[in-house]
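Colleague: Sequence:
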Amino acid sequence: MDLRTKLKSTGLLQVIGNTPMMKVQSLSALTGCEIFMKCENLNPGGTIKDRPALNMVVEAIARGALKPGMTIVEGTAGNTGIGLALVGQALGHKVIVVMPKGMAIEKHKVLKLYGAEIVETDAVPYSDDRHFFKVGKKIGQSSPDYWWANQFDNPDNYLSHYHSTAPEMFEQMDGKLDAVVVAAGSGGTAAGVSKFMKEKNHNIKIVMPDPVGSGIVNFFGRGNFDSDGRYTMTEGVGITRMVDNFNHIKQDSCYTIDDQKLASLAMYVREKEGLVMGMSSMLNLAGAFNTALKYGPGQRIATFLCDGGERAISKMYNPDFLKEKGIDGSLLPEKEVVEIFKNF
Numbered sequence: 004m005d006l007r008t009k010l011k012s013t014g015l016l017q018v019i020g021n022t023p024m025m026k027v028q029s030l031s032a033l034t035g036c037e038i039f040m041k042c043e044n045l046n047p048g049g050t051i052k053d054r055p056a057l058n059m060v061v062e063a064i065a066r067g068a069l070k071p072g073m074t075i076v077e078g079t080a081g082n083t084g085i086g087l088a089l090v091g092q093a094l095g096h097k098v099i100v101v102m103p104k105g106m107a108i109e110k111h112k113v114l115k116l117y118g119a120e121i122v123e124t125d126a127v128p129y130s131d132d133r134h135f136f137k138v139g140k141k142i143g144q145s146s147p148d149y150w151w152a153n154q155f156d157n158p159d160n161y162l163s164h165y166h167s168t169a170p171e172m173f174e175q176m177d178g179k180l181d182a183v184v185v186a187a188g189s190g191g192t193a194a195g196v197s198k199f200m201k202e203k204n205h206n207i208k209i210v211m212p213d214p215v216g217s218g219i220v221n222f223f224g225r226g227n228f229d230s231d232g233r234y235t236m237t238e239g240v241g242i243t244r245m246v247d248n249f250n251h252i253k254q255d256s257c258y259t260i261d262d263q264k265l266a267s268l269a270m271y272v273r274e275k276e277g278l279v280m281g282m283s284s285m286l287n288l289a290g291a292f293n294t295a296l297k298y299g300p301g302q303r304i305a306t307f308l309c310d311g312g313e314r315a316i317s318k319m320y321n322p323d324f325l326k327e328k329g330i331d332g333s334l335l336p337e338k339e340v341v342e343i344f345k346n347f
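Position 68 of the sequence shown, counting from 1, maps to 71 under this note's numbering, and the rest follow consecutively.
Watch out, some of these pointers could steer you wrong.
[Unchecked claim] Derived SDA-like pairs: lysine to any residue, alpha-carbon spacing no greater than 25 Å straight-line:
#1 9 - 37
#2 137 - 47
#3 345 - 203
#4 179 - 138
#5 11 - 104
#6 203 - 235
#7 11 - 23
#8 11 - 92
#9 338 - 313
#10 345 - 333
#11 140 - 125
#12 104 - 71
#13 297 - 338
What the hints contain is simulated information worked out from the structure, not anything from laboratory work.
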């Protein structure tokens with residue numbers, strides 16, 4: 004057994020990946036399509052980010068960049084930090100997570116459960132030196148005893164999805180896919196999945212839903228990451244700067260979905276089939292729903308349930324929070340849900 008295989012087979016780490024696919028019955032019925040989600044919330048850390056966390060750490064150890072006794076440092080909106088904290092605990096490494104203020108309190112609690120040290124920064128634009136990524140990088144490079152994970156530019160992030168997530172999905176769908184919907188934050192999932200799918204079948208459409216305030220739509224449309232500066236309740240998706248992972252993304256369409264649409268769909272699928280999911284997962288599902296309505300009946304569309312609703316209790320499932328942000332969290336009839344997604 005080589006070192007990489009041995010490390011990935013250590014205790015809890017051996018159950019990262021190999022997640023099931025689930026058909027979203029309510030939205031499939033509304034659209035005449037088959038809409039599936041890959042249940043990445045069933046990873047031990049509760050999110051899809053367990054995969055790149057494991058791969059980045061294992062590859063760093065194999066290269067000799069991360070040695071026994073060293074501390075892992077990362078700048079993150081939370082879920083990658085949780086994945087790294089889990090992997091770090093399993094392999095004997097302390098973890099420092101640098102997060103912007105205002106992230107869901109649930110993420111803080113989980114990080115502490117895994118023993119991570121949290122450093123909070125002001126929620127400022129990337130141009131500001133107080134930005135969480137810049138603070139994390141400064142800390143990560145401040146000592147020879149620290150290893151800076153750098154999910155945004157580390158190729159082992161997107162390669163984790165190219166070598167595991169995407170092949171699993173393709174096999175589970177028997178290769179019968181018309182579109183894959185994948186939102187982007189660090190761009191790792193979108194890069195790895197789109198690269199694999201396009202190599203398998205260039206006719207598979209890669210659709211990227213984006214939250215308001217992000218610059219991804221402008222990047223693919225005009226080549227820059229200009230943001231309109233609007234607030235979004237989503238966390239860990241959307242970005243306003245170029246990172247290396249984006250060099251590997253193969254996308255066919257990218258468009259913005261606002262928070263009101265996400266909340267309306269979240270309440271609908273919770274009521275119709277007990278689906279409660281995190282904010283980035285909701286963005287994915289909203290993109291899949293819109294894609295099904297756009298392409299018409301008979302399509303097979305897959306996306307990612309990348310985090311569970313327990314991380315969104317204080318925001319998307321909190322009536323007081325939604326009211327404060329001017330978002331209607333009431334349950335809409337199915338005809339109205341369809342109409343708001345038809346009329347983008």
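Colleague: Enumerate the violated hints, using their earlier numbering and listing them in ascending order.
Modeller: 1, 2, 3, 4, 5, 6, 9, 12
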